[in-house]
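Participant: Modelling step: build the complete structure from the supplied sequences, incorporating the hints.
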Amino acid sequence: MKIRALAAAALAALALVVAPQAQAGAQTDPNYQWRTDPAAKVLAGKPFAGGVLHRVPGSWFDAQRAHPGAKEAASRGRALYGPGAPIYVGLYGMCTVAAVGTDGAGRKVALTAGHCGNIGDQVVAADSFAAGPTGRVARKNGALDYAVIELGPRADLTASYNGTTIRSTGGATRTGDTLCKNGYATGVTCGINWIADGVRQQSQVCAMAGDSGAPLYSGTRLVGLVNGSSIPRMANLQCMSPLQGPIHAPTVSTNIDVILRDLNAAPGVGNGFRLAG
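Under mature numbering (1 follows the signal peptide of the UniProt record, and there is no 0), read the sequence shown as residues -24 to -1, 1 to 253, first letter to last.
Simulated from the structure, these hints should not be mistaken for laboratory data. Check before you lean on any hint, since a few could be wrong.
What the hints assert, rightly or not - Each pair of labels, with its calculated beta carbon distance range: (1) Ile171 x Asp238: 14 to 24 Å; (2) Arg197 x Ala242: 18 to 28 Å; (3) Ala25 x Ala241: 12 to 22 Å; (4) Thr196 x Ile168: 17 to 27 Å; (5) Thr141 x Ile168: 18 to 28 Å; (6) Val175 x Trp10: 39 to 49 Å; (7) Thr196 x Pro44: 17 to 27 Å; (8) Gly221 x Ser194: 37 to 47 Å; (9) Gln9 x Asp153: 28 to 38 Å.
As the list claims (entries may be wrong) - With a straight-line Cα cutoff of 20 Å, these simulated EDC-like cross-link-like pairs (lysine to aspartate or glutamate) come out: (10) Lys47 x Asp5; (11) Lys84 x Asp153; (12) Lys47 x Asp238.
Here a beta-carbon is modelled for each residue, glycine too, at the ideal position from N, C-alpha and C.
Facilitator: What follows is the structure, given as structure tokens:
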């Protein structure tokens, strides 16, 4: 579920204004665009709003505003990461952070979807866009579709981000449970869990391209990481507008217990992952 349209332009714009040591406030995310036309407001389910925010191509949701703490961090040349934080990965990926913390070696790390980028790709926190790259993809597992981002010294971590707080990980999910996610493209949405086989969940949580990597949670407990749709994207059954209600493809996510077991099975970045407090 990564977006290729416009993301390359955003990173190119950033390269023009960010020196090796970030120039605080030099540039804002070019995909952060306000719309006031009637069509945009109606499709966002807010026909009488003064305007709606678009951040991900194809999404008609009124997007979440940049986290105030992330904007403040960017003014100091730093970046803020947390569960649900929007990120740019490499030249093309627009994805979401599932969780942040430290590993057994004390490195700051973030988890996202594996298909968002390749090992070595630089990562920019979209809400702290002016800070420039503050991490890189250090490890990934294609079969489980997760990636570990090693964050640099200018990255700050938080357990709470834009309405989502993660305090614990793991535990079984059952058919009929209500689960929620917080993603770049569609924000916070909740839905019924249809299938939980111990490795993946399929739920009626609204998600689309850009939400990849988002945390799937119950309360403050992280249970999974959003991967994509259970129906091929060419079928165009993504959840792109709140007007769809539950009429969209189910969302597939990987069980966080499986991800953490895999991380801890081999040495390297992410081994011994602990959530940020």
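Participant: If a hint holds in the structure, say so; if it doesn't, say that too.
Facilitator: Structure-based check of each hint:
1. Ile171 x Asp238: 14 to 24 Å: The hint (14 to 24 Å, Cβ to Cβ) holds, given that Ile171 and Asp238 are roughly 21 Å apart.
2. Arg197 x Ala242: 18 to 28 Å: With a Cβ separation near 26 Å, Arg197 and Ala242 satisfy 18 to 28 Å, so the hint holds.
3. Ala25 x Ala241: 12 to 22 Å: 48 Å, violated
4. Thr196 x Ile168: 17 to 27 Å: 20 Å, holds
5. Thr141 x Ile168: 18 to 28 Å: 22 Å, holds
6. Val175 x Trp10: 39 to 49 Å: The hint (39 to 49 Å, Cβ to Cβ) holds, given that Val175 and Trp10 are roughly 41 Å apart.
7. Thr196 x Pro44: 17 to 27 Å: Between Thr196 and Pro44, where Cβ atoms are some 21 Å apart, the hint holds.
8. Gly221 x Ser194: 37 to 47 Å: Cβ of Gly221 to Cβ of Ser194: about 21 Å, so the range 37 to 47 Å is violated.
9. Gln9 x Asp153: 28 to 38 Å: 36 Å, holds
10. Lys47 x Asp5: 11 Å, holds
11. Lys84 x Asp153: 32 Å, violated
12. Lys47 x Asp238: 34 Å, violated
Hints 3, 8, 11 and 12 from the list above are not met by this structure, while the remaining hints are.
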